[in-house]
Amino acid sequence: MISTVALLLCGPAALLGTAILAAAASRHAAATRLVYGAALVISAALLVTVAGHLAGNPGEVSAITLPLGLPWTGARFRLDGLSAFFLVVVNLGGAITSLYGLGYGRHESAPHRVLPFYPAFLAGMNLVVLANDAFSFLLSWEFMSLASWALVMAHHRDEANRRAGTIYLVMASFGTMALLLAFGLLAGPAGTYAFDAMRTAHPDRFAAGAVLVLMLLGAGSKAGLVPLHAWLPLAHPAAPSHVSALMSGIMTKVAIYGFIRVVFDLLGEPAWWSGIAVLLIGGVTAVLGILHALMEKDLKRLLAYSTIENIGVIFASLGLALAFKANAMPSAAALAFTAALFHVLNHSFFKSLLFFGAGAVLSATGERDMEKLGGLIHRLPVTSFVFLVGCVSISALPPFNGFASEWLVFQAILLSPELPQWGLKVIVPAVGGMLALSAALAAACFVKAFGITFLGRARSAAVERAHEVDRWSLAAMAVLATFCLLAGILPGFVIDGLSPVTLSLIGDRMPVQMAEPWLSIVPIAESRSSYNGLLVFVFIAISASLAAFFIHRFASHALRRGIAWGCGFADAVPAAQYTAVSFAQPIRRVFGGFAFRARETVEMPAPGALEPARLKVDMHDVTWEIFYQPITGAIDFATERLNHLQFLTIRRYLTLVFLYLVILLLVLALWP
Amino acid sequence: MSGLTFDIAHLLAGSLVLISFMMLYQDRLFALINVFALHAVVLALSVAWQAYIQDAHHLYITAGIALVFKAIVIPVGLHRIIQRLGIHRDIETAVGIGPTMLAGIGLVTLSMVLMLRVTPEADPLAREDLAFALSIILLGLLVMVTRRNAVSQVVGFMSLENGLVLAATGAKGMPLVVEISVAFSILIAFIVIGVFLFRIRERFDSVDVGALDDYRGERR
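Going down the list, the protein sequences come from chains W and Z.
The opening position of the first sequence corresponds to residue 0 in numbering that gives the first Met the number 0, with each subsequent residue numbered one higher.
The opening position of the second sequence corresponds to residue 0 in numbering that gives the first Met the number 0, with each subsequent residue numbered one higher.
Honestly, I wouldn't trust all of these hints.
[Unchecked claim] Derived Cβ-Cβ restraints for the label pairs, each shown as a range: (1) Val94(Z) to Asp635(W): 43 to 53 angstroms; (2) Gly267(W) to Ile60(Z): 51 to 61 angstroms; (3) Thr4(Z) to Phe205(W): 39 to 49 angstroms; (4) Arg116(Z) to Gln628(W): 42 to 52 angstroms; (5) Leu669(W) to Pro98(Z): 46 to 56 angstroms; (6) Glu624(W) to Arg116(Z): 45 to 55 angstroms; (7) Leu669(W) to Asp54(Z): 49 to 59 angstroms; (8) Val94(Z) to Glu624(W): 47 to 57 angstroms; (9) Asp122(Z) to Trp71(W): 53 to 63 angstroms.
[Unchecked claim] Which bits of chain Z does chain W cover? Going by a derived footprint, with three or more residues having C-beta under 8 angstroms, they are: (10) 102-110; (11) 143-156.
These aren't lab readings, by the way, just hints derived from the structure by calculation.
Just so it is clear, the structure is predicted and the values come from calculations on it, not from any experiment.
Each residue gets a CB set at the ideal place from its N, CA and C atoms; glycine is no exception.
Whenever a hint applies, use it, and build me the whole structure from the sequences.
Here it is in structure tokens:
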């Protein structure tokens with residue numbers, strides 16, 4: 000009987016085979032259909048295998064050692080509850096993205112730059128989740144990074160994409176270096192690189208703290224934690240839209256998997272202060288991410304910044320789980336941890352959906368700039384409906400899935416008064432406030448995204464000629480929208496499905512939700528709080544239908560045509576509508592001062608002059624200026640100074656080596 | 000170990016250091032090569048003495064290799080090269096004799112202090128030998144650094160190798176394989192660098208390594 004993990008490893012192998020075939024035949028006319036079709040079939044097969052494993056015996060652990068990689072070490076792979084959950088996230092996203100790619104990929108101008116790397120990227124993500132020793136983990140991680148880098152560089156003629164690719168490559172190398180050091184510390188002087196050995200060895204407090212910081216740097220740079228997020232809003236939108244969906248919706252989750260695997264599984268018992276670092280970074284990331292998203296007028300960049308916000312929510316929840324776990328409050332820790340994993344799943348749904356929508360808009364109009372869109376609801380009715388579902392979900396409105404998971408996060412935050420340390424008692428509600436702020440700002444942000452893009456009137460001629468996209472893309476978006484609704488009205492199934500993971504990593508689980516009457520979900524006990532998504536859904540459906548019915552029944556049926564947004568003027572031009580920038584202005588006035596050092600200046604023409612007055616907004620990316628510019632400046636300075644070392648005579652080089660040797664010997668001789 | 004054997008070993012190793020100093024102030028190439036040949040002869044003597052007192056007969060082979068190749072074959076070859084290139088009248092030190100000698104004294108002091116500090120529990124003969132060997136290596140490097148001419152840099156490099164051989168034979172039980180490989184590496188280095196010199200000669204009409212810098216577009 001072949002073990003489950005061996006069966007699962009056939010998936011990445013098949014994907015890699017597809018990648019090689021795609022490289023050979025990528026210029027063939029049918030290549031697009033075949034590659035995405037193969038990726039769809041393989042991802043679906045992986046999904047079915049994992050689902051079968053979860054349905055059969057979810058707690059079972061299945062491991063295998065392959066004679067690959069380093070000699071005498073081998074490559075270890077393992078399937079447990081956590082990796083099974085993330086395999087579901089990866090392959091569900093992979094399958095639906097491939098379905099979308101069947102249609103969207105036909106518009107690709109350079110398919111030979113996308114097709115070989117797409118299955119390789121999927122294979123890399125699967126292997127990261129399955130890896131069971133540091134070597135195969137890092138190898139798969141780098142493979143995943145490089146494959147996604149190649150996809151970012153697919154349209155490399157564009158100067159902005161090249162810059163995005165360079166920054167991404169630098170940040171990915173930095174992150175991998177941090178991970179390498181973290182695994183080095185975990186392996187200890189004995190150099191045991193297998194995860195099983197790391198799990199039993201308990202590093203001392205200093206090493207554990209260093210590993211936590213390194214994981215925040217390594218996994219955080221891939222996931223997009225502030226201030227390591229700089230590459231993300233550049234690189235995610237630069238890729239083709241379905242790859243953006245994979246990177247934003249799925250790859251950031253693989254980074255979160257790496258963080259959970261090391262911090263919750265390999266590192267052993269956490270210290271109580273480890274929660275504080277993760278909580279604070281999560282809170283700051285959430286607020287800054289969504290503020291940046293609000294200021295953005297490029298639809299895909301807006302979505303990428305919103306990913307940063309959601310990563311912040313997930314990390315804050317994980318930090319909360321760490322704090323509860325360190326204080327031996329397993330039921331609260333299980334709640335926070337479940338909320339984080341649930342949000343991982345939900346974000347993979349709605350972020351993929353929104354990127355698909357942005358891709359549909361892009362392929363229909365050729366435009367990403369929201370200031371040139373508008374009125375698309377008439378041209379793309381199905382796309383705009385599913386995009387609306389995504390917006391409502393990500394804004395955490397009931398009855399969709401975003402609400403269910405964020406509600407669980409806040410339920411966990413409300414348990415913070417029971418924590419013993421005063422530091423946590425003060426910080427957790429503060430982070431809760433930050434998350435609440437970011438949730439509200441997220442709603443404003445997606446009102447803007449939907450309103451400016453789909454409502455109002457068309458702002459450019461291309462939009463007026465737009466047509467609805469192909470059926471494959473629509474099917475993929477419809478599937479995701481359905482998942483958003485289902486996970487929102489039946490969250491109990493998901494929460495119970497997550498219980499093996501929390502049981503193995505936290506040692507406790509949330510109450511059995513299926514046992515609750517009327518499909519309610521109950522975080523701790525019914526006496527404290529409960530939520531019934533189905534009931535809310537039914538109520539909204541009935542009241543909305545009734546309202547619609549009464550309006551249609553009793554309102555006047557006379558057809559009137561008037562000028563939209565007439566406001567007393569005869570015929571306003573489309574450019575006079577609300578724009579993305581003007582919509583965000585009130586929020587920019589409130590937060591822009593400290594978050595962006597924004598400054599507005601009004602240039603009035605001289606009296607009697609005929610040119611218009613202009614309002615100019617000057618904004619700075621503060622994290623870039625604080626964290627990145629000093630580093631690049633220092634590197635430039637040092638390279639400038641060291642440049643002449645390249646042109647020494649041979650004798651001088653020998654002298655340098657000689658002097659260095661003498662200095663080393665001197666140090667050895669004078670060392671006390 | 001009786002006092003006399005120790006003293007003789009000490010004397011030979013010390014003479015090697017002394018000859019390394021002699022190399023530092025030779026400003027003509029022929030003289031430098033002659034001193035190098037002397038260096039190799041003393042090395043051969045020292046290795047042979049080590050073979051005698053350690054009762055390790057394979058070290059006689061090493062001594063023979065040192066005598067034949069380093070004291071005879073290589074100096075004769077280098078003499079020929081210099082004659083063919085016509086550079087035997089060049090004065091080619093880059094740093095003055097005085098500072099070089101002072102630096103050499105400093106290096107010997109450094110290696111003594113270092114070696115006596117880090118090997119307090121070692122066999123006294125091996126300990127002294129190692130200190131002398133390190134001095135010879137550092138002085139060889141100093142020769143390479145203070146010369147402009149490629150030939151004298153080769154000589155400096157080979158005196159450095161002599162120091163390595165001295166260190167290897169001073170330690171008891173070092174297998175023969177190592178010495179042979181060291182000797183061959185020097186021979187190979189000599190051949191390679193010899194070929195290199197002729198190519199320099201063809202291209203730049205000089206053996207001064209400064210010519211390479213001219214070729215790279217740099218002027219001093």
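How the hints compare with the structure:
1. Distance hint check: the CB atoms of Val94(Z) and Asp635(W) are about 35 angstroms apart, inconsistent with the given range 43 to 53 angstroms.
2. Hint check: Gly267(W) to Ile60(Z), Cβ distance near 59 angstroms, so the stated range 51 to 61 angstroms holds.
3. Separation of Thr4(Z) from Phe205(W) is about 54 angstroms and departs from the stated range, judged on CB atoms against 39 to 49 angstroms.
4. A C-beta distance of roughly 47 angstroms is found between Arg116(Z) and Gln628(W), which places it inside the suggested range of 42 to 52 angstroms.
5. At about 23 angstroms, the CB distance of Leu669(W) to Pro98(Z) disagrees with the hint of 46 to 56 angstroms.
6. Checked against the hint of 45 to 55 angstroms, the C-beta distance between Glu624(W) and Arg116(Z) comes to roughly 51 angstroms, which is consistent with it.
7. One distance hint, 49 to 59 angstroms for the beta-carbon pair Leu669(W) and Asp54(Z), is violated here, with the actual separation near 39 angstroms.
8. A C-beta distance of roughly 49 angstroms is found between Val94(Z) and Glu624(W), which places it inside the suggested range of 47 to 57 angstroms.
9. One distance hint, 53 to 63 angstroms for the beta-carbon pair Asp122(Z) and Trp71(W), is violated here, with the actual separation near 37 angstroms.
10. Coverage of the segment 102-110 of chain Z by chain W holds. Counting CB-CB distances below 8 angstroms, 3 residues qualify, and the rule asks for three or more.
11. Beta-carbon proximity to chain W at under 8 angstroms applies to 5 residues in the segment 143-156 of chain Z; the threshold of 3 is reached and the given coverage holds.
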